[in-house]
Amino acid sequence: MNKHIESITQAVQAKFSVVAVTPVRDDQAALDVKPGELHAVLSFVKAQGFRQLSMLTCVDWIQDGEFQLVYLLFDWDKGVRLQVRTRIDRKHPTFTTVTNIYPGVQYYERDVHEFFGVEFEGNEMSFKQLFLENWDDIPPMRKDFNSKAYSDKKFPVREYHKDFSKEGDGK
Amino acid sequence: MKQVKLFLGPQHPGMHGNSSIHMYVEGDIIKRSYLLPGMLHRGFEKTMENRTWMNNIGIIPRICVPEPDPNEMVFASNVETLANIEVPERAHWIRMLILELARLAAHLMAFGGCGGPTGLYTAMYWAQADRDGILTLFEEITGQRIYHMYIVIGGVRKDLPKGIEKKILAYVDDLERRLPDYEDLLLNNPTIIARTKDQIMLPAEVVWELGVTGIGMRSSTGKAYDIRKVAPYARYDKVEFDVPTANYSDAYTRIRFKWLEMHQIIRIIRQVLVMMPEGKVREKGLDGNALRWQVPKGQVYTAIESSRGEFGYYTVSDGGINPYRVAVRGASFPQGLLGVERYLPGHRIDDAALWFDTMGICSPEIDR
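Residue numbers (this note's numbering), protein chains in the order written: chain A, 9 to 179; chain B, 473 to 840.
Extracted from the complex, chain A is given alone in its bound form (with noise of 0.2 angstroms):
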């Protein structure tokens, strides 16, 4: 880690009770904080030069019953990367959006919504659906979709018969 990206973990730790802190590469670090204080450490970190949102995503770990929200902010100044991540319940999948400190996730959170499920409070775009018309399953991006499932009940093979065409043959 550089000294940039050192100096803004260690604020954070100061200031938040972190749960973990990992190093990723020399200019980026991950830090995994609780749900309750993402809020408060998003806006302490944009405040430190973190401007921009790059991509609000989503991991699903289907084992540990948990989805994890990750928010991958850029210092354009300093050229640091922070991956803010937290874990909510998979069963429960509710969150409040941050749409007030970043505004650009709007999206983001509408298309988290879409493909995993996590609503999130205070963004009514949210609900609605984007990419996917008319979709009648569970969300596919989650671990326990199966797209081959999906497809064969959606779409049945069809038969082909022998004399379907009749004229096409030649004869």
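Worth flagging that the hints you see were computed from the coordinates, not collected in a lab. There could be a bad hint or two in this list.
Claimed, not checked - Below are the BS3-like pairs computed for lysine-lysine, each with C-alpha atoms no more than 25 angstroms apart in a straight line:
1. B/Lys695 - B/Lys669
2. A/Lys151 - A/Lys99
3. B/Lys639 - A/Lys136
4. B/Lys701 - A/Lys11
5. B/Lys710 - A/Lys86
6. B/Lys474 - B/Lys503
7. A/Lys156 - B/Lys518
8. A/Lys162 - A/Lys136
9. B/Lys701 - A/Lys54
10. B/Lys695 - A/Lys11
11. B/Lys710 - B/Lys752
12. A/Lys86 - B/Lys695
13. A/Lys151 - A/Lys161
14. A/Lys136 - B/Lys518
15. A/Lys151 - B/Lys769
16. A/Lys42 - B/Lys769
17. B/Lys710 - B/Lys630
18. A/Lys161 - B/Lys518
19. A/Lys99 - B/Lys669
20. B/Lys756 - B/Lys634
21. A/Lys54 - A/Lys42
22. A/Lys54 - A/Lys86
23. B/Lys710 - B/Lys639
24. B/Lys518 - A/Lys162
25. A/Lys86 - B/Lys701
26. A/Lys11 - B/Lys503
27. B/Lys756 - B/Lys769
28. A/Lys151 - B/Lys518
29. B/Lys769 - A/Lys54
30. A/Lys11 - A/Lys54
31. A/Lys11 - A/Lys23
32. A/Lys23 - A/Lys99
33. A/Lys136 - A/Lys151
34. A/Lys23 - A/Lys42
35. B/Lys503 - A/Lys136
36. B/Lys639 - B/Lys752
Model the placement of chain B on the given structure of chain A, informed by the hints.
For chain B alone, kept in the frame of chain A given last:
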């Protein structure tokens, strides 16, 4: 005046790929608008979870059609970080060459693409013809014209063919000689100036609000916010190039920046060809058969500067032979979705296509 519901795209010469803008217009002023993505959704992220690390190299370039190489680069860098693989020196330089050629092709396509919505089809034909020259170079280097699958885990797939340096130099010399013609055709053209000067503004506060990167960010904040400069990858810290910046981002500035950046790309390519050392181009790194590679546990995000801005992958490995999760950050996600909803209203219908072109929207990377 009565509001009319109108769809722009997906079949429209000015529309960028398979998405549509759902808009409500009064007269020819857009009052409300939303992007309708999803027409190109092929479930890449889910598919990648079911394929091995090496297999995935075949599908990732398809996430962005006009500029596929950043996909390969970020995927390979992520795995190299997780597995702690040292890439050979020559491979870094070849990667830079490939990425810059791809950026040049994408810039040509977008720069000439401004001819579509403005009715100046000549620009489009010129740019497509020049882009074809790059595709021919790619064909010779990688065997493929559009999707190269060339930057792989541990380096690049094969060394450069003999004599390609001369062909690349001949190509860039020829293109550089004709860049002033492009300037005369598009940037000094009174019609284009009237359509784009002081139109379709992108203020700096909007950039920060949405998270816009790339040319949009550099043309409005006045700072060299380019990942190649801010957090250099490959060997971008060893070559000299300038990043054009401005404090006033109208459509004209953003089109002009593409033209200015083309000069810098040519400058980088010339330096790379001189400074590239000899040696190995690929490090195996992981043990065993490539189809049974197991990548150590970890979660990493890598982003590089594509022609449209920050392009990155977030990769999670649980130590298995498949990725546990791969999330794609498309460079045009913020301006393509939230930008269309908040900042397209107020413009005229005919500006919408130009808005899309100068913001650098690529719908496959929104859908992924």
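Each hint tested on the structure:
1. Our distance criterion of 25 angstroms between C-alpha atoms is met by lysine 695 of chain B and lysine 669 of chain B, whose separation comes to about 21 angstroms.
2. Using a Cα cut-off of 25 angstroms, the hinted pair lysine 151 of chain A and lysine 99 of chain A holds, with the two alpha carbons roughly 13 angstroms apart.
3. Note on lysine 639 of chain B and lysine 136 of chain A: the hinted pairing is violated, with a Cα-Cα distance of about 52 angstroms set against a maximum of 25 angstroms.
4. For a cut-off of 25 angstroms, the pair hint linking lysine 701 of chain B to lysine 11 of chain A stands: about 18 angstroms separates their Cα positions.
5. Restraint check for lysine 710 of chain B and lysine 86 of chain A: satisfied, since their Cα atoms lie roughly 19 angstroms apart, inside the 25 angstroms limit.
6. Of the pairs offered as hints, the one joining lysine 474 of chain B and lysine 503 of chain B holds, with about 11 angstroms between alpha carbons and a cut-off of 25 angstroms not exceeded.
7. For the hint pairing lysine 156 of chain A with lysine 518 of chain B, the CA-to-CA distance comes to about 11 angstroms; that is within 25 angstroms, so the pair holds.
8. For the proposed pair lysine 162 of chain A and lysine 136 of chain A, the alpha carbon gap of about 23 angstroms is at most 25 angstroms, so the pair holds.
9. Taking the CA atoms of lysine 701 of chain B and lysine 54 of chain A, the gap is about 22 angstroms. The hint holds against a cut of 25 angstroms.
10. A C-alpha spacing of about 23 angstroms is found between lysine 695 of chain B and lysine 11 of chain A, which places the hinted pair at or below 25 angstroms, so the restraint holds.
11. Restraint check: the Cα-Cα separation between lysine 710 of chain B and lysine 752 of chain B comes to about 19 angstroms, which is no more than 25 angstroms; the hinted pair holds.
12. Our distance criterion of 25 angstroms between C-alpha atoms is met by lysine 86 of chain A and lysine 695 of chain B, whose separation comes to about 13 angstroms.
13. The suggested pairing of lysine 151 of chain A with lysine 161 of chain A holds, with an alpha-carbon distance near 18 angstroms, which does not exceed 25 angstroms.
14. A hinted pair counts as satisfied when its Cα atoms are at most 25 angstroms apart, and lysine 136 of chain A with lysine 518 of chain B qualifies at roughly 21 angstroms.
15. The hinted pair formed by lysine 151 of chain A and lysine 769 of chain B meets the criterion: a straight-line CA distance of about 18 angstroms does not exceed 25 angstroms.
16. Our distance criterion of 25 angstroms between C-alpha atoms is met by lysine 42 of chain A and lysine 769 of chain B, whose separation comes to about 22 angstroms.
17. As the CA atoms of lysine 710 of chain B and lysine 630 of chain B are separated by approximately 23 angstroms, the hinted pair is consistent with the 25 angstroms bound.
18. Pair hint lysine 161 of chain A plus lysine 518 of chain B holds up; C-alpha atoms about 18 angstroms apart against a cutoff of 25 angstroms.
19. A C-alpha spacing of about 53 angstroms is found between lysine 99 of chain A and lysine 669 of chain B, which places the hinted pair above 25 angstroms, so the restraint is violated.
20. Distance check on the hinted pair: lysine 756 of chain B and lysine 634 of chain B sit about 23 angstroms apart at the alpha-carbon level, within 25 angstroms; holds.
21. A distance of roughly 18 angstroms separates the Cα atoms of lysine 54 of chain A and lysine 42 of chain A; the hinted pair therefore holds under the 25 angstroms criterion.
22. Distance check on the hinted pair: lysine 54 of chain A and lysine 86 of chain A sit about 13 angstroms apart at the alpha-carbon level, within 25 angstroms; holds.
23. A C-alpha spacing of about 24 angstroms is found between lysine 710 of chain B and lysine 639 of chain B, which places the hinted pair at or below 25 angstroms, so the restraint holds.
24. Taking the CA atoms of lysine 518 of chain B and lysine 162 of chain A, the gap is about 17 angstroms. The hint holds against a cut of 25 angstroms.
25. Among the hinted pairs, lysine 86 of chain A with lysine 701 of chain B is consistent with the structure: their alpha-carbon atoms are about 11 angstroms apart, no more than 25 angstroms.
26. Of the supplied pair hints, the one linking lysine 11 of chain A and lysine 503 of chain B is violated, its CA atoms being roughly 48 angstroms apart against a limit of 25 angstroms.
27. Only pairs whose Cα atoms come within 25 angstroms are accepted, and lysine 756 of chain B paired with lysine 769 of chain B is accepted, the gap being roughly 18 angstroms.
28. With a CA separation close to 9 angstroms, the supplied pair lysine 151 of chain A and lysine 518 of chain B stays within the 25 angstroms bound.
29. For a cut-off of 25 angstroms, the pair hint linking lysine 769 of chain B to lysine 54 of chain A is broken: about 29 angstroms separates their Cα positions.
30. For the hint pairing lysine 11 of chain A with lysine 54 of chain A, the CA-to-CA distance comes to about 18 angstroms; that is within 25 angstroms, so the pair holds.
31. Pair hint lysine 11 of chain A plus lysine 23 of chain A holds up; C-alpha atoms about 19 angstroms apart against a cutoff of 25 angstroms.
32. This hinted pair does not check out: lysine 23 of chain A and lysine 99 of chain A have alpha carbons roughly 30 angstroms apart, beyond 25 angstroms.
33. Pair hint lysine 136 of chain A plus lysine 151 of chain A holds up; C-alpha atoms about 22 angstroms apart against a cutoff of 25 angstroms.
34. For the given pair, lysine 23 of chain A sits about 13 angstroms from lysine 42 of chain A by alpha-carbon distance, which is consistent with the 25 angstroms threshold.
35. The hinted pair formed by lysine 503 of chain B and lysine 136 of chain A meets the criterion: a straight-line CA distance of about 21 angstroms does not exceed 25 angstroms.
36. The suggested pairing of lysine 639 of chain B with lysine 752 of chain B holds, with an alpha-carbon distance near 22 angstroms, which does not exceed 25 angstroms.
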